[in-house]
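Asker: Each chain, written out:
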Amino acid sequence: MAKTVDQYFDELQQTRVWRSIFRSGTGESTLKRALAIQQNVFLHLFSTKVRTRMLSFSATWYLGTLTLGTFLILVATGIPLMLYYHPSVPQAYADTKDLQFVVSSGLFLRNLHRWAAHAMVFLVFAHMFKVFYRGAYRPPREFNWVIGVVLLLITLLLSYTGYLLPWDQLAYWAITVGSNIASAVPLLGDKIHFLLLGGNAVNANALLRFYVLHCMILPLTAMFFVAIHFWRIRKDGGLYAHETEPATVRSRSGGDSAKEAK
Amino acid sequence: MTDEKKGPLGDDLNRREFFTKLGLGSLSIAAIGTAAFSYQYLEPNVLYEPSPVVNAGKPDRYPLDSVTLDVNNGIYIIHSQEGYFSVSAVCTHLGCLTAWKQELGIIACPCHGSKFEQNGKKIEGPAPKPLPWKRIWLNDDGDLMVDRSTDVPSLARDSFVRV
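If you're matching them up, the sequences are chains A and B in order. Per the numbering used here, the first sequence starts with residue 1, numbered consecutively. Per the numbering used here, the second sequence starts with residue 1, numbered consecutively.
Please note that the accuracy of each hint is not assured.
[Claimed, not checked] Just a sample of chain A residues kept apart from chain B, beta carbon distances all over 10 Å, derived:
| # | residue |
| --- | --- |
| 1 | 42 |
| 2 | 59 |
| 3 | 73 |
| 4 | 91 |
| 5 | 146 |
| 6 | 157 |
| 7 | 195 |
| 8 | 225 |
| 9 | 236 |
| 10 | 239 |
[Stated by the list, open to error] Ranges of calculated distance between the beta carbons of each label pair, as one might list FRET restraints:
| # | chain 1 | residue 1 | chain 2 | residue 2 | range |
| --- | --- | --- | --- | --- | --- |
| 11 | A | 168 | B | 28 | 44 to 50 Å |
| 12 | A | 94 | B | 47 | 22 to 28 Å |
| 13 | A | 82 | B | 126 | 33 to 39 Å |
| 14 | B | 53 | A | 142 | 54 to 60 Å |
| 15 | A | 108 | B | 51 | 42 to 48 Å |
| 16 | A | 190 | B | 61 | 31 to 37 Å |
| 17 | B | 47 | A | 24 | 55 to 61 Å |
| 18 | B | 28 | A | 28 | 29 to 35 Å |
| 19 | B | 68 | A | 76 | 49 to 55 Å |
| 20 | B | 39 | A | 76 | 30 to 36 Å |
| 21 | B | 63 | A | 125 | 49 to 55 Å |
| 22 | A | 76 | B | 51 | 42 to 48 Å |
| 23 | A | 108 | B | 126 | 39 to 45 Å |
In case anyone wonders, no lab produced these hints; they're calculated from the structure. Ideal Cβ positions, reconstructed from N, Cα and C, are used throughout, including at glycine.
Extracted from the complex, chain B is given alone in its bound form (with noise of 0.2 Å):
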């Protein structure tokens, strides 16, 4: 029988296990690639979201030792001695946002409890870390811009904006 031939590929590769290996190696590429493609258009590669740099306006908006939270934009800018600053006022537990409570000197979390001091530093849990700081300087006009995209060191020196 001329199944029974050896073939050029070797003993144990007859034509009709050759085409089956080479028709389900297709499919196993083909299938790859469509996994790949799949990916690809499920992660957006334009995002339509706000823009990270927010204008927070004239510094003379924020009177000293206030604190102010811009609820759309979820940061706190604060002016205190040391100068402005801006703190991320999204909860690091579960990205609730937060609320400065004035009477307790304390931001708090409503939806875990979470609280933490005006400078971002964490008083008690279940948040693991301190509300980040974020970059703040002064644009070309005087106004206060925050990039909430990129956290800077808190308490340093060029965290603070000072006018």
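Next up, chain A with everything else stripped away, as it sits in the complex (with noise of 0.2 Å):
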């Protein structure tokens, strides 16, 4: 009798190697169910139960989970752009040039790292627009708002620093520009100017720094805060939903139910 895929799958997680890995084992009852959230170290920052009504797309349109695809898309790209990109004055434009007529696939990478960068702007700016229209910052969702609010200025920073690294007339004015405002900051205002460059104008030390911070600093810092922008989503008692929400049941076996479920 020929086994079904699903029987197949059902076979592999009873296996002692996949137990191993995953301590949370199979079973369809709640508490197995919640286990295998709880003991992943990834999910266990979200709730092991949610409301139904809290996801559905009118709730949130999914602009944050949205805004997390495109940071995991700019990683992605990102990192083998690194392998052909130098940040050195005499290579950066030349590599950006390779990258989009030499290298296979260079184009398609570098495209979708813009691209994403754009949209991850704009879903950013569109995730406070809806939190803040909905009323999802208010008690006790206060400090996940402040949290969003050092994201959104991450995330401009993040945009900021790659714009420099192409090395063209573009990049560099709009560095020399945006480097010449933060001088406008009261009786900082050069120091800063002077440490972000590490210099007077937009040169070699300036290209390497914003490299470091586009790279390193700014993504990691992101990092660590998504996790606790994350995790505070649960503390706060899940995503924010009105009672009024319709609430869909989905069983497992496919197919949607509109069921009262409060």
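Hints given; two lone chains; assemble the complex.
Answerer: What follows is the structure in structure tokens.
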């Protein structure tokens, strides 16, 4: 008798190797399903149980998840781009051109990185407006709003630092103008300008500093705050949803059945 | 209990508190040191930037009543009736490189539309200040030299070079 894919998967989950990796084991019970979330290092940040109304499209438009998606695309495309890019004055522009015209799939990776970056900025703002207009920033979620503002700033800084790396005229003058805006900070302005650029003008030091900020410091800082952001969702009682939100119960056999599930 | 004993340092300071404070104090000092160390590290001591002093070549390169932009060094060399003088080409608004518009007789910034006269005087914003004049002199070989790091008063007698 031929086995179905589900049966093969069930068998795989019973094996000793699988059980040694996933401690929670299998099973359809509520406890087992909760453990599968709670005992996973990545998933344990999230709630073990969610109300289905919180997962309805109208509650969030999935904007936060989509933002995370663009961030993951940016990490996945950014790391391979680093393999061909030298953050030095004589090479940076030529490497960017090489990525576009010489490296296999380089054009695809670079464009994906660029479009995902634009999308992320858009989605972060959309997410913020959605949270604001639904009032999801109110207690007990005030602190998560603050974390969100930090993440907005990090996103903008990531955009700004990435802008310089192609080292073309657009990048050069944009960073000249942007860093001069930083000089407008009272008292500390010139110091910030000097430290940001590692000199008095946009030059080799500035390129290297922006590269390190763009590829190491800012992404790591972003991940740190994203972790807190997600964990706080659980701690603050899950995603925000109105009582009136329609709840949909999904059965595992497929097919949605709309039910009142309060 | 020995914990309740009053130590030589005062009534409210027992041994445990003393060591806690000593430890926290040491950590604070170390943290301040680290912050100072990091700041010094991040501030470069040697800059491999181009010299602020620029050799602008022989004066006869610049015809009378001409405004010449040195793109690489961000300065204008202007030969006027009063003599040679140099004005910064870097816009005082946000640092863009301005351009000389021969047909209009003005210096204009492409970024945000600031306009200046050829002597650096501001015609319209958003630039907050006029373009500064730079120190200019003749070296021993008869070349015009400009020090971009030194501003001089505009239209002052000493701010011109006469050949």
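Asker: Using the C-beta atoms of residue 28(B) and residue 28(A), is the stated range 29 to 35 Å upheld?
Answerer: 55 Å, violated
Asker: Against chain B, does residue 42(A) keep a CB gap of more than 10 Å to every residue?
Answerer: Since the minimum Cβ distance to chain B is about 32 Å, residue 42(A) lies beyond 10 Å and the statement holds.
Asker: Regarding residue 108(A) and residue 51(B), is the given constraint of 42 to 48 Å on their beta-carbon distance met?
Answerer: 44 Å, holds
Asker: Could you let me know if the closest chain B CB is still more than 10 Å away from the CB of residue 59(A)?
Answerer: 43 Å, holds
Asker: Just double-check residue 239(A) for me: nearest Cβ-Cβ distance to chain B has to come out over 10 Å.
Answerer: Check passes; 38 Å lies beyond 10 Å.
Asker: Over 10 Å to the closest beta carbon of chain B is the bar; see if residue 91(A) clears it.
Answerer: Given a closest Cβ separation of 16 Å, the condition holds.
Asker: Determine whether the non-interface label on residue 236(A) survives the test: each CB of chain B must be over 10 Å from its CB.
Answerer: Holds, because the least Cβ-Cβ distance between residue 236(A) and chain B comes to about 32 Å, which exceeds 10 Å.
Asker: Could one say that the CB atoms of residue 76(A) and residue 51(B) fall in the range 42 to 48 Å?
Answerer: 44 Å, holds
Asker: Does the Cβ distance between residue 39(B) and residue 76(A) fall inside 30 to 36 Å?
Answerer: 35 Å, holds
Asker: Beyond 10 Å from every chain B Cβ: check whether that's true for residue 157(A).
Answerer: Holds: least Cβ distance 17 Å, greater than 10 Å.
Asker: For the range 49 to 55 Å, tell me whether the beta carbons of residue 68(B) and residue 76(A) fit it or not.
Answerer: Distance hint for residue 68(B), residue 76(A) holds at roughly 50 Å.
Asker: Falls inside 31 to 37 Å, the C-beta gap from residue 190(A) to residue 61(B)?
Answerer: 35 Å, holds
The structure is inconsistent with the numbered hints 7, 18, although it conforms to all the rest.
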